[in-house]
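Undergrad: Given the sequences, and given the hints that come with them, work out the whole structure.
As given, the protein sequences belong to chains A and B, one line each in that order.
Each residue of the first sequence is one higher than the one before, counting from 149 in our numbering.
Each residue of the second sequence is one higher than the one before, counting from 73 in our numbering.
The set of hints was computed from the structure by calculation and includes no laboratory data.
Hints should not be assumed to be uniformly reliable.
[To be verified] Straight-line alpha carbon distances no greater than 27 Å define the calculated DSS-like cross-link-like pairs of lysine-lysine that follow:
#, chain 1, residue 1, chain 2, residue 2
1, B, Lys103, A, Lys193
2, A, Lys195, B, Lys285
3, B, Lys226, A, Lys193
[Unchecked claim] Here are a few chain A residues that face chain B, going by a calculated C-beta distance under 8 Å:
#, residue
4, Ser159
5, Glu161
6, Ala176
7, Glu180
8, Leu217
9, Glu219
[What the hints assert, rightly or not] What follows is a list of derived Cβ distance ranges for each label pair:
#, chain 1, residue 1, chain 2, residue 2, range
10, B, Asn166, A, Gly167, 38 to 46 Å
11, A, Gly167, B, Asn132, 29 to 37 Å
12, B, Gln112, A, Leu254, 37 to 45 Å
Only a predicted model underlies this, so the values are computations on that prediction, with no experimental measurement involved.
Ideal Cβ positions, reconstructed from N, Cα and C, are used throughout, including at glycine.
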Amino acid sequence: MAMTIHVDIVSAEQEVYSGLAEMLFAPAELGEVGIAPRHAPLITKLKPGEVRVKISDKESQEFYISGGLLEVQPHVVTVLADTAIRAHDIDEAQALQAKARAEEMLNDKSGKIDYARAQAQLAEAVMQLRTLERLRKRGS
Amino acid sequence: MAVGKEIRTKIASIKNTQKITRAMEMVAASKMRKTKDRMQATRPYSKKISQIINHLSHANPEYKHPYMIVREVKRVGIIVVSSDRGLCGGLNANLFRTILNQMQQWNSRNIEIDICTVGGKAANFFSNINANVIGQVAKLGDTPHQMDIIGVIKIMLDGYENGSIDQLHVINNEFVNTMTQKPVMTQLLPVVAGDLEDDLSGCWDYLYEPGAKEVLDHLLQRYVESIVYQGLVENNACEQAARMVAMKSASDNAGNIIKELQLVYNKARQAAITQEISEIVAGAAAV
Chain A
149 MAMTIHVDIV
159 SAEQEVYSGL
169 AEMLFAPAEL
179 GEVGIAPRHA
189 PLITKLKPGE
199 VRVKISDKES
209 QEFYISGGLL
219 EVQPHVVTVL
229 ADTAIRAHDI
239 DEAQALQAKA
249 RAEEMLNDKS
259 GKIDYARAQA
269 QLAEAVMQLR
279 TLERLRKRGS
Chain B
73 MAVGKEIRTK
83 IASIKNTQKI
93 TRAMEMVAAS
103 KMRKTKDRMQ
113 ATRPYSKKIS
123 QIINHLSHAN
133 PEYKHPYMIV
143 REVKRVGIIV
153 VSSDRGLCGG
163 LNANLFRTIL
173 NQMQQWNSRN
183 IEIDICTVGG
193 KAANFFSNIN
203 ANVIGQVAKL
213 GDTPHQMDII
223 GVIKIMLDGY
233 ENGSIDQLHV
243 INNEFVNTMT
253 QKPVMTQLLP
263 VVAGDLEDDL
273 SGCWDYLYEP
283 GAKEVLDHLL
293 QRYVESIVYQ
303 GLVENNACEQ
313 AARMVAMKSA
323 SDNAGNIIKE
333 LQLVYNKARQ
343 AAITQEISEI
353 VAGAAAV
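TA: Here you go:
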């Protein structure tokens with residue numbers, strides 16, 4: 149049997165995943181990282197995107213996170229997500245709506261809005277949609 | 073009948089009070105369930121982040137974050153988490169007593185104290201005793217958001233960074249079970265190293281991406297926020313539980329008083345009837 153590592157994914161609202169896995173992929177700030185068992189201790193910030201847990205060769209689970217932190221200990225990986233949802237539960241309509249709203253806010257030149265915030269919202273919505281797309285490709 | 077009039081009105085008024093306390097008990101019971109769920113939902117996050125911080129404090133980092141360096145204590149900051157409303161038994165009183173004891177200890181060692189309050193009761197109490205309150209937030213309702221408490225946390229963190237306070241504590245009620253709530257004080261800054269589950273001894277350090285300072289800034293701020301938030305959510309659950317218990321005993325007491333008064337009333341009524349009869353009998357005998 150392949151070596152495994154314990155993975156915990158928690159969001160501010162709930163525990164999302166806890167169990168053994170062969171590998172974990174996460175969108176770190178400097179690019180995507182893959183964590184295998186016995187990785188060196190690491191702490192990094194995460195961007196909005198997809199966290200993939202490879203449980204075995206056949207089985208893997210995807211989660212969407214809106215940013216957070218990743219801690220790696222040789223035998224434990226912890227993902228502290230701001231919000232985390234199972235990729236299957238992302239509502240495409242809602243993501244599209246959020247994207248439209250964010251774009252509208254960015255285009256609104258009246259100067260009343262907070263640009264940084266609008267940009268963050270847009271990035272989040274786009275990442276949600278990309279996760280969905282990838283999921284669909286894999287499914288088909 | 074003249075004899076029972078006052079007693080009857082008294083019974084009626086106590087019955088009304090009982091109705092109110094019973095209604096409050098039921099409201100508190102249903103709110104308690106919700107706040108307890110919320111408390112349990114946020115627990116994994118704060119537990120994990122404390123674990124990470126704990127690991128971190130056992131590492132041997134090249135870069136020592138100011139939040140992890142122990143300084144000589146001249147002034148401490150406390151964040152007091154209390155309820156907004158009263159009628160919850162001794163919940164807030166117990167909390168304040170614990171704080172006052174602690175404050176006395178600090179005073180005797182010439183340590184000054186800065187206070188930030190969360191919740192209306194603490195704000196009232198500490199402005200009454202003329203404590204040095206430097207920030208307050210109240211009226212957070214039953215579903216507090218992390219955004220609401222960022223302000224007071226920022227005041228304290230700024231104070232810690234520019235050296236005006238050397239230690240930061242948070243104090244709130246811990247939810248043991250429905251009947252028991254216990255005030256607990258947690259030291260947030262500087263970070264204290266706790267016990268470890270697994271052996272991490274040896275000289276090691278994390279890899280930090282993108283940079284140690286950036287990551288630690290983010291992580292430690294998150295840590296403080298999530299612990300204070302957890303305290304707030306927990307205190308909320310305590311408040312509802314304490315209110316439920318207090319209102320239940322108030323309803324029971326009202327029931328007892330009504331029973332006693334009813335007895336007194338019946339006796340008085342019986343005495344009046346007996347007296348009337350004996351008067352009539354005596355009158356008839358005299359004729």
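Undergrad: Decide, hint by hint, whether the structure agrees.
TA: Tested hints:
no. : hint                              : in the structure
1   : B:Lys103 <-> A:Lys193             : violated, 36 Å
2   : A:Lys195 <-> B:Lys285             : holds, 18 Å
3   : B:Lys226 <-> A:Lys193             : holds, 21 Å
4   : Ser159                            : holds, 7 Å
5   : Glu161                            : holds, 5 Å
6   : Ala176                            : holds, 6 Å
7   : Glu180                            : violated, 12 Å
8   : Leu217                            : holds, 6 Å
9   : Glu219                            : holds, 5 Å
10  : B:Asn166 <-> A:Gly167: 38 to 46 Å : holds, 40 Å
11  : A:Gly167 <-> B:Asn132: 29 to 37 Å : holds, 31 Å
12  : B:Gln112 <-> A:Leu254: 37 to 45 Å : holds, 38 Å
The structure shown violates the earlier hints numbered 1, 7.
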